[in-house]
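J.: Each chain is listed here by its residues.
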Amino acid sequence: MAAPLKGNGRVKVRDVVIRIAGNSQDGIQAIGGFLARLAGRSEQDVMTYMTIPSTISGGPSIFQVRIGTGDILSAGDEADVLLAFYQHSYEGHIGSLKTHGIVLFDSDHVEPKPEWQADYRHVGVPISGLTVEAIGGTARDKGKNVYALGLLAKMFDLNVTKLKELIGERFGGKDASVLENALSAFEAGYSYSLGHLLETFEFAEGLKRGVKQVVMNGNDALAYGLIAAGVRFGAGYPITPWSDIMELLRRELPKYGGTFVQCEDEIASICMALGASYAGRVAVTGTSGPGLSLKTEALGWAVMAEVPLVVVDVQRGGPSTGLPTNVEQSDLNIACFGSHGDSPRVVLAPASVEDCFYVAIEAVNLARRYSVPVVILTDQAIATRIEAFDEPNLQKACQELPVDLTPAPEHKPYDLAEADGVARHRAPGTRVLNGIYPVITGLEHDEYGHPTGSPTLHTKMTAKRRRKLQSLAETLPDPEIYGAPEGKLLLIGWGSTMGPIREAVDHARAAGQPVSAVHLRHLHPLPPGLERIFSVFEHIRVVEMNDEGVYGYGQLGGVLRARFCNPKIRGINKTDGLAFKVRDIVERIREEVTDGMRHY
Amino acid sequence: MTTAIAQPPAREELVPVAAPAAERKLPTKKELTADHPTWCPGCGDFSVLALYFKLIEKRRVLQEKVVSVSGIGCSSRFPYFVQAHGVHFIHGRALPFATGVSLTRPDLHVFVFSGDGDAFSIGGNHFTHTARKNVNLTLVVMDNEVYGLTKKQTSPTSPVGFKSKTDIWGAVDQPINPLKQAIAAGATFVARTTSTNPNHVLQMMEAAMDHEGFSFIECLSECVEFYPGAFDGANPRKGGAFNLVPAEHDVTDEVAAYRLAGEPFPGRFGIFYQVKRPTKNALEARINADYQAKTAGLESWQILARTFEKMK
Numbered sequence: 001m002a003a004p005l006k007g008n009g010r011v012k013v014r015d016v017v018i019r020i021a022g023n024s025q026d027g028i029q030a031i032g033g034f035l036a037r038l039a040g041r042s043e044q045d046v047m048t049y050m051t052i053p054s055t056i057s058g059g060p061s062i063f064q065v066r067i068g069t070g071d072i073l074s075a076g077d078e079a080d081v082l083l084a085f086y087q088h089s090y091e092g093h094i095g096s097l098k099t100h101g102i103v104l105f106d107s108d109h110v111e112p113k114p115e116w117q118a119d120y121r122h123v124g125v126p127i128s129g130l131t132v133e134a135i136g137g138t139a140r141d142k143g144k145n146v147y148a149l150g151l152l153a154k155m156f157d158l159n160v161t162k163l164k165e166l167i168g169e170r171f172g173g174k175d176a177s178v179l180e181n182a183l184s185a186f187e188a189g190y191s192y193s194l195g196h197l198l199e200t201f202e203f204a205e206g207l208k209r210g211v212k213q214v215v216m217n218g219n220d221a222l223a224y225g226l227i228a229a230g231v232r233f234g235a236g237y238p239i240t241p242w243s244d245i246m247e248l249l250r251r252e253l254p255k256y257g258g259t260f261v262q263c264e265d266e267i268a269s270i271c272m273a274l275g276a277s278y279a280g281r282v283a284v285t286g287t288s289g290p291g292l293s294l295k296t297e298a299l300g301w302a303v304m305a306e307v308p309l310v311v312v313d314v315q316r317g318g319p320s321t322g323l324p325t326n327v328e329q330s331d332l333n334i335a336c337f338g339s340h341g342d343s344p345r346v347v348l349a350p351a352s353v354e355d356c357f358y359v360a361i362e363a364v365n366l367a368r369r370y371s372v373p374v375v376i377l378t379d380q381a382i383a384t385r386i387e388a389f390d391e392p393n394l395q396k397a398c399q400e401l402p403v404d405l406t407p408a409p410e411h412k413p414y415d416l417a418e419a420d421g422v423a424r425h426r427a428p429g430t431r432v433l434n435g436i437y438p439v440i441t442g443l444e445h446d447e448y449g450h451p452t453g454s455p456t457l458h459t460k461m462t463a464k465r466r467r468k469l470q471s472l473a474e475t476l477p478d479p480e481i482y483g484a485p486e487g488k489l490l491l492i493g494w495g496s497t498m499g500p501i502r503e504a505v506d507h508a509r510a511a512g513q514p515v516s517a518v519h520l521r522h523l524h525p526l527p528p529g530l531e532r533i534f535s536v537f538e539h540i541r542v543v544e545m546n547d548e549g550v551y552g553y554g555q556l557g558g559v560l561r562a563r564f565c566n567p568k569i570r571g572i573n574k575t576d577g578l579a580f581k582v583r584d585i586v587e588r589i590r591e592e593v594t595d596g597m598r599h600y
Numbered sequence: 601m602t603t604a605i606a607q608p609p610a611r612e613e614l615v616p617v618a619a620p621a622a623e624r625k626l627p628t629k630k631e632l633t634a635d636h637p638t639w640c641p642g643c644g645d646f647s648v649l650a651l652y653f654k655l656i657e658k659r660r661v662l663q664e665k666v667v668s669v670s671g672i673g674c675s676s677r678f679p680y681f682v683q684a685h686g687v688h689f690i691h692g693r694a695l696p697f698a699t700g701v702s703l704t705r706p707d708l709h710v711f712v713f714s715g716d717g718d719a720f721s722i723g724g725n726h727f728t729h730t731a732r733k734n735v736n737l738t739l740v741v742m743d744n745e746v747y748g749l750t751k752k753q754t755s756p757t758s759p760v761g762f763k764s765k766t767d768i769w770g771a772v773d774q775p776i777n778p779l780k781q782a783i784a785a786g787a788t789f790v791a792r793t794t795s796t797n798p799n800h801v802l803q804m805m806e807a808a809m810d811h812e813g814f815s816f817i818e819c820l821s822e823c824v825e826f827y828p829g830a831f832d833g834a835n836p837r838k839g840g841a842f843n844l845v846p847a848e849h850d851v852t853d854e855v856a857a858y859r860l861a862g863e864p865f866p867g868r869f870g871i872f873y874q875v876k877r878p879t880k881n882a883l884e885a886r887i888n889a890d891y892q893a894k895t896a897g898l899e900s901w902q903i904l905a906r907t908f909e910k911m912k
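If you're matching them up, the sequences are chains A and B in order.
No gaps in the numbering here: position 236 of the first sequence is 236 in the working numbering, and each next residue is one more.
So the number in the working numbering is just where the residue sits in the second sequence, counting from 1, plus 600.
Derived from the structure by calculation, the hints contain no laboratory data.
Watch out, some of these pointers could steer you wrong.
[Said to hold, decoys possible] Computed beta-carbon distance windows for the label pairs:
1. A905/B x E247/A: 53 to 63 Å
2. T475/A x Q774/B: 54 to 64 Å
3. S454/A x A905/B: 49 to 59 Å
Ideal Cβ placement from N, Cα and C applies to all residues, glycine included.
The task is simple: from the sequences and hints, build the whole structure.
T.: Listed below in structure tokens is the structure:
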């Protein structure tokens, strides 16, 4: 929360970070979601962060939401306000609160600690008791999340009409008494007089965007992107945090005449998706880390057989079962190289929730254009965080991909004559007039797909499969530099770390440090132009949530080193299963820039 | 563009492939023949291939409307020998692949050719689940009770005592009974035939093709190289007995089918089990019809816009 801008009863703030801590069954995510959607409707920027316990029946859970005017790049390192429902929420999260921040606690459950009184502003409200009072005896304290939302609405002068609309949308479909109770709880919270305890706030006026915003998490954005791209078949197997995408596609695809199949295992799901793709409907399969390990044999077939496919990997902590509900960026190597044999495929990584939507469309189009599997590497942080973004121009973004069965005079599925190596895939059902039909195969083959052991053909076909990626790379735009076009230190990032990296760059530049950043969306093949960018910075640090590795750089660091043989490339890595905080990066930049570059 | 052209053609329009346009000359056996099979002379699989050609000819299937999918193994070289759209997939996974084809393309005839190792060992899980889902396709397993392509290892159907390179003293593990497995998994068409009786093979293939749902044929197919004489007991020319499923057998009686499947070698030949149950294809199509009724007349972007409206 920025310093007060002016005081007319309410203190104006640019942005605020609210951390809500309780148990997962308390509807923490629900109030967080209300706040995020309210921000979206109010043309404010919003970013959230949440943790969900991997146990089924609940457990401590948090939802952090940062709302403000202007660009919000990250969910915020420290909270301005901590809303604590229990003693464990209070004790466990007070450390995430800014000094002199406000801790708003349920005094029915939380016993404040005298030693913390000086550092944090304590505001106790008997939330549980007042909720029961507001709703009536039968409800116990169910609804205290909405009561607390009322408190926050009062505290930050939130738009009550819009919030009530949101509550109505959420609870309206249920028994009428549910909505009534929710509204009573909200009113009661909103009417509670905080006045004698606390000043109240309001947000600085935002810029009018003119475009309506949609609010969703990264998994949703990715799934809707696939639908927009014309994907009408998918297959998958449940695994956290991928399952949301699968559930959404299973639910939504029938509206578009599509089908999503829940398969018996990870292997069956990639195979089924490949079957649909082969049949002319570019399909998607997806998973998280362990599932990608299982899918790699079939992924190799897709490369060899040159069948388009989109594979989503929502990365989590690994290896093995690892940290199922935490974030890591440690699947880059398997995404780029996981398979036996030389098996070039495309790897893309969305950098924000909004980007998930567009990367999905790009993935589908690249898969079709180059008859190649495309892996989308998203991660747990981007999958679960909610952002508001400008509603895409759906009429423009949506495409239909009808099956084309136009008869062909002749068809070589693996035509070597094409300079870029790309041969168009033709679906079964296509009549081939010269009577020579294609076999699509994982054995090394001739131009018609028939097996061959010819040394020349294996050489040519291997080169053909590689050349496709090389010709794709030529079409990619040069990466944009965030910050000055040259300087002392260049940060390279990919995936969900874009926000914190950019915010860290802003901090560094404000402190006079010559730091810039490049965020890569195309990880394999890499875009052109990096060599030139690298040459105008003294030092390069690849910021990634994976291990620094045996040789001192992480997975993208390794790819870049292999590609550019540039000893300037080093890593800023971490493996605690949590998203990068801006402070983590700022601290490392400070060490690197002012304390002199560390040499390994 | 409208959603309509994006959808695969409706099932009704494309299923009666048996009657192609009059002006189309249908391919002859010669035109259906592609690579010369890599199988050893005398291999039972030749017979299955020949009868597949015959099936396509006899049932007047359009050449481009048939898809042969296979996994890995001797049997799975099959698609290379057929001049039609074919897929040579990875080991054990032909069924889920073929499911993807079947569910997206109701206009195609989908045949999967597999062996005992491919279907029941590495692909065992998929066999069970494709059967229970009743996906509309035909699976022909050429069962030779041995791994042939890798040169004589014990297979999941090798009888106890069969001497292989991995059981030099004779196989010790109980073999599976493919028919029982299929019945237990919920297959809606379960048949058994043998490559030495061509008429019967064709008869079973025709019945399988006509069956709406997952149809499974176990075809005994001798490996002359690594398990010669395995099926002599089922071949009258070699002094064996070819016994049909009794005429009075009720193919809808699951328990009777199971009992029949348990008869000792040479057992019975014919349709053991056949019931009507909605196919996965039909069930999904019904879900889609219900949902699309609500979005009739809307283009995809408009449907998505409706969803996004709720996320503002």
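J.: Give a verdict on every hint.
T.: Each hint tested on the structure:
As the Cβ distance of A905/B to E247/A is approximately 21 Å, the hint placing it in 53 to 63 Å is violated. Restraint check, T475/A to Q774/B: a C-beta distance of roughly 58 Å satisfies the suggested window 54 to 64 Å. Look at S454/A against A905/B: about 53 Å separates their beta carbons, and that is inside 49 to 59 Å.
Taken one by one, the earlier hints fail for this structure only at number 1.
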